[in-house]
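Enquirer: Spelled out, the chains give:
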Amino acid sequence: MVCEMEIDQIEDMDVEVLSSMWPEDVGNDAGKQFNVEKPGGEQDMLQEVTIVEEPTIVDFQHLLELTNYTDKGSSQLAFLVKHWEYKQANAVRLLREELDNLSRQRQESELKKLEILEQHRFEEERYGGDKRPISILDEVLDIWQEVPRTNNDVVVPSKRVEIDAEYDTVIYWKQRVIHLEKMLEASINREQILKEKLQESILKLEKQSSPIEELSQILKRADNFLHFVLQTAPVVFGHQDKELRYRFIYNHFPSLQEEDILGKTDVEIFTGSGVKESQDFKKEVMEKGLPAKREITFETELFGSKTFLIYVEPVFSKAGETIGINYMGMDVTDQVRKREKMAKLREEIAVRKAKEKELNKTIHITEETMRAKQMLATMSHEIRSPLSGVVSMAEILSTTKLDREQKQLLDVMLSSGDLVLQLINDILDLSKVESGVMKLEATKFRPREVVKHVLQTAAASLQKILTLEGHVADDVPIDVIGDVLRIRQILTNLISNAIKFTHEGKVGVKLYVVPEPPFAKEGSQHASDGSTDKSTTTSASKAESCTSTSKTSCDQNEFHGKKYEGLCRNNSLCEPGTPFMNGTADGDEEQAELPATTVWLRCDVYDTGIGIPENALPTLFKKYMQVSADHARKYGGTGLGLAICKQLVELMGGRLTVSSRVNCGSTFTFILPYKVSISCDNSDDPDDLSDMADHDHVMDDDETAGFFQFLPRTLGSLFSSNGSTRTQKLMPHNIGFANPHKLNGFSENCYLFPMNNGRPKEIDSVEDACSVAEAVQIPSEPGSSISHSSDPDKKSSICSDLHRLNDANVENKVSTTDVSSCSEKTNISEPQFPPKRQKKPDVGCQSTLNGSQEISKNSITSKPKILLVEDSKINVMVARSMLKQLGHTIDVVNNGAEAVRAVQKCSYDLVLMDVCMPVMDGLQATRLIRSFEETGNWDAAAKAGIEQDSSQQGRTPPTKRIPIIAMTANALSESADECYANGMDSFVSKPVTFQNLKECLEQYFA
Amino acid sequence: MERNPMRRQLQTMRKSLFDQGYLDDQFVQLEELQDDANPNFVEEVVTLYYRDSGRIILNIEQALERKTFDFNKLDAYMHQFKGSSSSIGAKKVKAESTLFREYCRSRNGEGCMRTFQQLKKEYATLRRKLEAYFQLARQAGPVETACRPK
Chain A
1 MVCEMEIDQI
11 EDMDVEVLSS
21 MWPEDVGNDA
31 GKQFNVEKPG
41 GEQDMLQEVT
51 IVEEPTIVDF
61 QHLLELTNYT
71 DKGSSQLAFL
81 VKHWEYKQAN
91 AVRLLREELD
101 NLSRQRQESE
111 LKKLEILEQH
121 RFEEERYGGD
131 KRPISILDEV
141 LDIWQEVPRT
151 NNDVVVPSKR
161 VEIDAEYDTV
171 IYWKQRVIHL
181 EKMLEASINR
191 EQILKEKLQE
201 SILKLEKQSS
211 PIEELSQILK
221 RADNFLHFVL
231 QTAPVVFGHQ
241 DKELRYRFIY
251 NHFPSLQEED
261 ILGKTDVEIF
271 TGSGVKESQD
281 FKKEVMEKGL
291 PAKREITFET
301 ELFGSKTFLI
311 YVEPVFSKAG
321 ETIGINYMGM
331 DVTDQVRKRE
341 KMAKLREEIA
351 VRKAKEKELN
361 KTIHITEETM
371 RAKQMLATMS
381 HEIRSPLSGV
391 VSMAEILSTT
401 KLDREQKQLL
411 DVMLSSGDLV
421 LQLINDILDL
431 SKVESGVMKL
441 EATKFRPREV
451 VKHVLQTAAA
461 SLQKILTLEG
471 HVADDVPIDV
481 IGDVLRIRQI
491 LTNLISNAIK
501 FTHEGKVGVK
511 LYVVPEPPFA
521 KEGSQHASDG
531 STDKSTTTSA
541 SKAESCTSTS
551 KTSCDQNEFH
561 GKKYEGLCRN
571 NSLCEPGTPF
581 MNGTADGDEE
591 QAELPATTVW
601 LRCDVYDTGI
611 GIPENALPTL
621 FKKYMQVSAD
631 HARKYGGTGL
641 GLAICKQLVE
651 LMGGRLTVSS
661 RVNCGSTFTF
671 ILPYKVSISC
681 DNSDDPDDLS
691 DMADHDHVMD
701 DDETAGFFQF
711 LPRTLGSLFS
721 SNGSTRTQKL
731 MPHNIGFANP
741 HKLNGFSENC
751 YLFPMNNGRP
761 KEIDSVEDAC
771 SVAEAVQIPS
781 EPGSSISHSS
791 DPDKKSSICS
801 DLHRLNDANV
811 ENKVSTTDVS
821 SCSEKTNISE
831 PQFPPKRQKK
841 PDVGCQSTLN
851 GSQEISKNSI
861 TSKPKILLVE
871 DSKINVMVAR
881 SMLKQLGHTI
891 DVVNNGAEAV
901 RAVQKCSYDL
911 VLMDVCMPVM
921 DGLQATRLIR
931 SFEETGNWDA
941 AAKAGIEQDS
951 SQQGRTPPTK
961 RIPIIAMTAN
971 ALSESADECY
981 ANGMDSFVSK
991 PVTFQNLKEC
1001 LEQYFA
Chain B
1 MERNPMRRQL
11 QTMRKSLFDQ
21 GYLDDQFVQL
31 EELQDDANPN
41 FVEEVVTLYY
51 RDSGRIILNI
61 EQALERKTFD
71 FNKLDAYMHQ
81 FKGSSSSIGA
91 KKVKAESTLF
101 REYCRSRNGE
111 GCMRTFQQLK
121 KEYATLRRKL
131 EAYFQLARQA
141 GPVETACRPK
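Heads up: the protein sequence lines correspond to chains A and B, in order.
The UniProt record's numbering numbers the first residue of the first sequence as 1 and each following residue consecutively.
The UniProt record's numbering numbers the first residue of the second sequence as 1 and each following residue consecutively.
No lab work stands behind these hints: they were computed from the structure.
Every residue gets a Cβ at the ideal spot worked out from N, C-alpha and C, and that includes glycine.
The reader is advised that the hints may include incorrect statements.
Derived pair list, reagent style DSBU-like, types lysine-lysine, alpha-carbon separation capped at 35 Å [stated by the list, open to error]:
| # | chain 1 | residue 1 | chain 2 | residue 2 |
| --- | --- | --- | --- | --- |
| 1 | A | 500 | B | 67 |
| 2 | A | 207 | A | 197 |
| 3 | A | 353 | B | 67 |
| 4 | A | 863 | A | 884 |
| 5 | B | 67 | A | 276 |
| 6 | A | 998 | B | 67 |
| 7 | A | 242 | A | 264 |
| 8 | A | 998 | A | 905 |
| 9 | A | 306 | A | 353 |
| 10 | A | 361 | B | 73 |
| 11 | A | 373 | B | 121 |
| 12 | A | 357 | B | 92 |
| 13 | A | 288 | A | 82 |
Partner residues aside, some chain A positions facing chain B, computed with beta carbon under 7 Å [claimed, not checked]:
| # | residue |
| --- | --- |
| 14 | 336 |
| 15 | 873 |
| 16 | 875 |
| 17 | 881 |
| 18 | 883 |
| 19 | 916 |
| 20 | 969 |
| 21 | 986 |
| 22 | 988 |
| 23 | 991 |
| 24 | 994 |
| 25 | 996 |
All chains should be modelled from the sequences, with the hints used to inform the complete structure.
Expert: See the structure below:
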């Protein structure tokens, strides 16, 4: 059926025949799978096309079998046969129609004949004069009369016989007969001709070609079209049998011979990657019995690396068994390559876009941050200047005559001012460090003193029962070089932090020498950077050490510290004229010349506080970060302190780390490099010794003391380091001597204070002169400048201490000899201050009403005591006014914690409690109060961080339960149920109305 | 009816504040608290309100400028603000705060922003109106009414 076709065959083909043979419904219906153009004469493109047919290699035998055995083949055949049948039927139908036509015509002619006959008879009868007997029935049944009439009108209207002869003559009738006879003859002739035609047609029908021939022609034509379409298509298709042996393959670019392919499998033909995959894929399709597509990349020796899109469909036998597969492959290597390239490009574009976006974001953020920082810094600076004015003026004010209360107020004012100043300084520091503007100074200082002073300062403002201690290892050098201001800042920050988060136990500092840590390389770089910048080192060292010490010792009297500083500066400015200068210069040079060794000191600041949860550690040193929002509320602070510390430590080439256990305490450790100039130390020591010969035990004490402790009892005392005995030891010394050495450059300064009033001025000036003379006498001593600078340290602290005593006794004008007793007095009077401060909030809360306090006290017996706990000022104002109209005066506190304290202090008859408040909400406060009422102690409150004033500890619990009325805004977060669940008795909804409040209070004060 | 024309005007103004829904009964509560001892109580409270709430508004504004909203914080701020607003009877402002808090709960940042703008508008309008009202009230002088028996 299918045969190899040759080019000439196509040309030989009778196009006319084919065109008629091609079934119309095969070619024209849209959606048919087999769409073949109907060629019209010269338009047959195939005539001009050469079709190369070699690529087709067919196993005819198998194909025959296939058509016999497979569904597809047989259906194809059936289809063709059906077509042929249909065509034949059509031809038959046409013939039949023609036959019908003819027979109709014959009928017509017969009818006409009858009519003629009838007419004739009629006429004859008329001629005979006989009347045709017509029965009644006849009338009805006579069809002949009717039919001809119609026929007369329709069929042969034009054929009316025209006879020249006169009507009703014999000639007329004869002529008429002849005429009619002719017509009949013609009709018979026509019938004859038609019959012949019919015969002819039947013959023709017989002559027509057999269906097989036609089918083969159809197939040939289809084949031609296929060839035409496929001749350059980069496709391969074929059929493989059950064992995946090729039975048929079409390949436009054949690279193998027929015998190389047919009867073989893929694996046998090719080698390389992808072959196995395609084979497996085909097997899979065969197993599943479902057609599938897959893209497979081949890497074969035969045609290199190519990607094929392979379509495989199973071929089933009539019984439904898989007997092989048809497969079609198309080379899509280029497309795949392009596609991959596109994907890659797209990916790159996406990545680039994401990067750009990220970058833009970062840029934006950076810009924002920069702007914010700059603004912050500028603002801080702007604020700092006037604020320091305020603080300074307040300090000046504190030196004037003030009564006790004024003094206290002023102290609060000063400490608040200092706090704000500190905060602003923090912010400025931070922006300085971040912008790289901060310069480190290298000054000589004594680590022991720094530790001591920082602890002293902390102890002075301590408001808790905590032990502060400091351990300095023996191997820590007496003098080191570093930026003492910054180191103090770090230490102060860490200690105040530790104190803040420690409720009981102790806070301490440990200082000891460690070997060079691993990160030292960059660190030493830093350190050397710091030390190279030396232009003002020595003079600065004096000034700084002066400032720093004075600052700490008279923290609350900074103004004086500044005075000292000024004097220090004066002193150093005076020096150039004196031989002293030489000493300074010498010292300086030596310092620069001799290689200074670096010592690494590790400083641990430990506490027994609340500790830091592990998850908070990573963000601990971040700016504005605190352990939690809860902490921020409870403990306050800006979250800047640790960030600054870390930045400062790192700036100095060190490391700040932390280790902590929740509820056990935290340890902050910083390791910093310091320079130690051995030569200086050496020259320094003897000088010190000689200089301080008279009172070397004092110096010894100070220089080498390794342990300082500030016990809670000596809270606020300034001279409690190394035990309280020290006070006695030092004070008489100080005063008793009143010696020139001690007061050296500061003697004049000391005159400024009324304390010195009792002393004869002359002595001082003489002694002062002496000291100068002495100094002049030892100009060659290289360390003199150092000794000087270390000396003032001592002095400034003492001076300020004296001054402090002074302050306490301004009005008394104490004489020198009285001072020792005064000092004790101070020790006693000083500690009184912090507890007072501690009480402050309570005092505040009670006096919120200040004006009405007296009334409430007066009416305490008759009128119920009401506590209002509310954070909103407006609500306080409204509620107070309402209660006033109801005849009640109230105490107001602003949060739950204050409420608990208020209840600890004073028994109330009713508490109006807002639910949502900062620091501690109303629910918790209520719980704590209820817990107290049940247990009789405030343990729960203490656990929550509210310490009870010791003076109130003995108070017995009230026998009755305090009614607590919640004030809720009916929000979800503060439902009535929750209020009751937490121990509240009833609630008033917000906003509070006069009526509601009245009704509510009437329930309790009926 | 008041004979004093200024007081009449004041009454009209006050009525319109209620009629237009700017104020609710809580404002009457405040007015009732006003007596000889506190002749300007309402004005004082309102002044305090505007002084105090300005800070919260600022806080919210700042919180809304952030890229990611801290809805809990916003809600907390707004709770405070709403409490104050309802205490002076600022009806419209309170309504907006309620809406804002609902948006906070449903984490609808866009809704929060929109409501906040509306809230600020209402807040400012009320302030303007109350300022005018109190100014007129000061000019009109104290009301001659019987005081609440003490």
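Enquirer: Please go over all the hints and tell whether each is borne out by the structure.
Expert: Evaluated hints:
{"no.": "1", "hint": "A:500 x B:67", "in the structure": "holds (33 Å)"}
{"no.": "2", "hint": "A:207 x A:197", "in the structure": "holds (15 Å)"}
{"no.": "3", "hint": "A:353 x B:67", "in the structure": "holds (21 Å)"}
{"no.": "4", "hint": "A:863 x A:884", "in the structure": "holds (12 Å)"}
{"no.": "5", "hint": "B:67 x A:276", "in the structure": "violated (56 Å)"}
{"no.": "6", "hint": "A:998 x B:67", "in the structure": "violated (47 Å)"}
{"no.": "7", "hint": "A:242 x A:264", "in the structure": "holds (12 Å)"}
{"no.": "8", "hint": "A:998 x A:905", "in the structure": "holds (27 Å)"}
{"no.": "9", "hint": "A:306 x A:353", "in the structure": "holds (33 Å)"}
{"no.": "10", "hint": "A:361 x B:73", "in the structure": "holds (25 Å)"}
{"no.": "11", "hint": "A:373 x B:121", "in the structure": "holds (31 Å)"}
{"no.": "12", "hint": "A:357 x B:92", "in the structure": "violated (41 Å)"}
{"no.": "13", "hint": "A:288 x A:82", "in the structure": "holds (33 Å)"}
{"no.": "14", "hint": "336", "in the structure": "violated (43 Å)"}
{"no.": "15", "hint": "873", "in the structure": "holds (5 Å)"}
{"no.": "16", "hint": "875", "in the structure": "holds (5 Å)"}
{"no.": "17", "hint": "881", "in the structure": "holds (4 Å)"}
{"no.": "18", "hint": "883", "in the structure": "violated (10 Å)"}
{"no.": "19", "hint": "916", "in the structure": "holds (6 Å)"}
{"no.": "20", "hint": "969", "in the structure": "holds (6 Å)"}
{"no.": "21", "hint": "986", "in the structure": "violated (19 Å)"}
{"no.": "22", "hint": "988", "in the structure": "violated (12 Å)"}
{"no.": "23", "hint": "991", "in the structure": "holds (4 Å)"}
{"no.": "24", "hint": "994", "in the structure": "holds (6 Å)"}
{"no.": "25", "hint": "996", "in the structure": "violated (10 Å)"}
In summary, the numbered hints that this structure violates are 5, 6, 12, 14, 18, 21, 22, 25.
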